[in-house]
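Every letter in the sequence shown is one number past the one before it in the UniProt record's numbering, and letter 137, counting from 1, is 137.
In short, the hints are calculated from the structure, not lab data.
Every value quoted in this text rests on a predicted model; they were computed, and no experiment measured them.
Using N, Cα and C, we set each Cβ at its ideal position, and we do this for glycine too.
Among the hints, erroneous ones may be present.
Here are the simulated distance ranges between beta carbons [what the hints assert, rightly or not]:
| hint | residue 1 | residue 2 | range |
| --- | --- | --- | --- |
| 1 | Arg127 | Lys49 | 45 to 55 Å |
| 2 | Lys49 | Glu70 | 37 to 47 Å |
| 3 | Asp102 | Gln151 | 19 to 29 Å |
| 4 | Glu70 | Val31 | 12 to 22 Å |
| 5 | Arg127 | Lys12 | 46 to 56 Å |
| 6 | Val31 | Ser103 | 33 to 43 Å |
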Amino acid sequence: MWAGGRFLWNPKKHLRIGTEVTQSVRVDSAVEKNNMVFVEQAREFYADKRDVDGRDWAVREERTHVFLPELKGDKAGEKKKPSGPPAADLPEPVYEHNFVPDSPLLFRYSALTWNAHKIHYDLDWTRRVEGHPDLVFHGPLTATLLVELAQRAADDVASELTKFEYRATHPIYVKREIKLRAAWLGPRGKQLQVWAEQDGVVCMKGTAEFVPAYAA
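Construct the entire structure; sequences and hints are all you get.
Here it is as structure tokens:
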């Protein structure tokens, strides 16, 4: 299960179209807790091979994965209970985007990202084994869409996105409307709260941080 993560952008090192990029991947920790395994993974992208051994990465991504025990017996197919916070508890949004995902989108994204998890394309297995009512929308795709919403805010205030941190709180399903929302935390141009909601429940929540574009 993709539980959350963080992106950091180096304002002094940019990835540009046509640039050869080097990626460094490592597992920082793997901890067992309550029959689950929490894995922290770090990925760093470099625009110059000479920077790989240093700290001059252009983009750094940190991922949190949670591995759950296999569902067996009576627990297989057990329906998931709502666990996310209510959307009514969040501030009035200043940026919004609504859409309804379909199964072809999930299939294509799974293929693009080499993701073979059946909850994204096998409806029978998803219902019978995992207990979800429908195909599950990808967590990283939700995060990407929230980053795009944050980028709209950055463009409006002539700022550059430097950090995005997010956490998944509830599954998102196909054929139901997804509402992407964002609201400033304090003065415009510094920190933005973003979230994705479905059926009145917050399914992913995060924060984005910015610096003035002229300072980058």
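Each hint tested on the structure:
no., hint, result
1, Arg127 - Lys49: 45 to 55 Å, "holds (47 Å)"
2, Lys49 - Glu70: 37 to 47 Å, "holds (42 Å)"
3, Asp102 - Gln151: 19 to 29 Å, "holds (24 Å)"
4, Glu70 - Val31: 12 to 22 Å, "holds (19 Å)"
5, Arg127 - Lys12: 46 to 56 Å, "holds (49 Å)"
6, Val31 - Ser103: 33 to 43 Å, "holds (35 Å)"
The structure fails none of the hints (numbered hints given earlier).
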